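**Q** Sequence:
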Amino acid sequence: PCHVCISFGPEEESEEDSEEEEALSSTFEAIEALANSAVPILKSNYPNVHIFPSERPYHISLSHTFVLREHQINSFLKTLKKELSTSTEYQLVLTNAIVEFINQNNTCKFYALHAEGGTNATRLLIEHINKVLIKMGQPTYHENPSIHASIGWSPIPVSTCVVVENNTSIGNSGDHVSS
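Residues in the sequence shown are numbered consecutively from 239, following the numbering used here.
Derived from the structure by calculation, the hints contain no laboratory data.
The model shown is predicted, which means the values in this text are computed figures rather than measured ones.
Incorrect hints may have been included.
To be verified - Per label pair, the in silico range of CB-to-CB distance:
(1) G355 x Q310: 30 to 38 angstroms
(2) L306 x K281: 31 to 39 angstroms
(3) P278 x P377: 33 to 41 angstroms
(4) L306 x V277: 16 to 24 angstroms
(5) S323 x S256: 19 to 27 angstroms
(6) E259 x R307: 32 to 40 angstroms
(7) P285 x M374: 17 to 25 angstroms
(8) K281 x E354: 36 to 44 angstroms
(9) E259 x H297: 35 to 43 angstroms
The beta-carbon is built from N, C-alpha and C at its ideal position, and this holds for glycine as well.
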């Protein structure tokens, strides 16, 4: 499966420390501090919560997961690179506000840090990515996505799913749907 996202997390140490590497490191540390401050609140309100491990990179999703065949990968990457070539650098501001989402199968809740500043620029990136996904016959991301960085999850008990004929669960229509 494929997934387009902005990823940031702990990087392996390199011999040369550039200003960019230092900035990325401090960004990760700031996000990690925000996430860590949310953990006690999550654990007190959601006893079954699983916190993503700190060695897992944080990310901002820009697409749902999708599947490409091996012969489509290079074409997808080339088209995506061309589509995003006009994108500019911007700042994204994550808050300590915790938002909750339900996956498309209605089997899992995700808990995330809500983003405020930079969300319009992120939505513009998503629009560009959606154009490429459409060209490749893939599902597009939410029409009006809530920009966030997931920090944890919890299972939704089967008893809360609606079951219809053939044991098919009726869930929500997106990877992360606001609950």
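**Q** Each of the hints needs a verdict: does it hold here or not?
**A** Structure-based check of each hint:
no. : hint                            : result
1   : G355 x Q310: 30 to 38 angstroms : holds, 35 angstroms
2   : L306 x K281: 31 to 39 angstroms : holds, 38 angstroms
3   : P278 x P377: 33 to 41 angstroms : holds, 36 angstroms
4   : L306 x V277: 16 to 24 angstroms : violated, 35 angstroms
5   : S323 x S256: 19 to 27 angstroms : holds, 23 angstroms
6   : E259 x R307: 32 to 40 angstroms : holds, 35 angstroms
7   : P285 x M374: 17 to 25 angstroms : violated, 41 angstroms
8   : K281 x E354: 36 to 44 angstroms : violated, 25 angstroms
9   : E259 x H297: 35 to 43 angstroms : violated, 18 angstroms
Violated hints, in rising order: 4, 7, 8, 9; the structure is consistent with all others.
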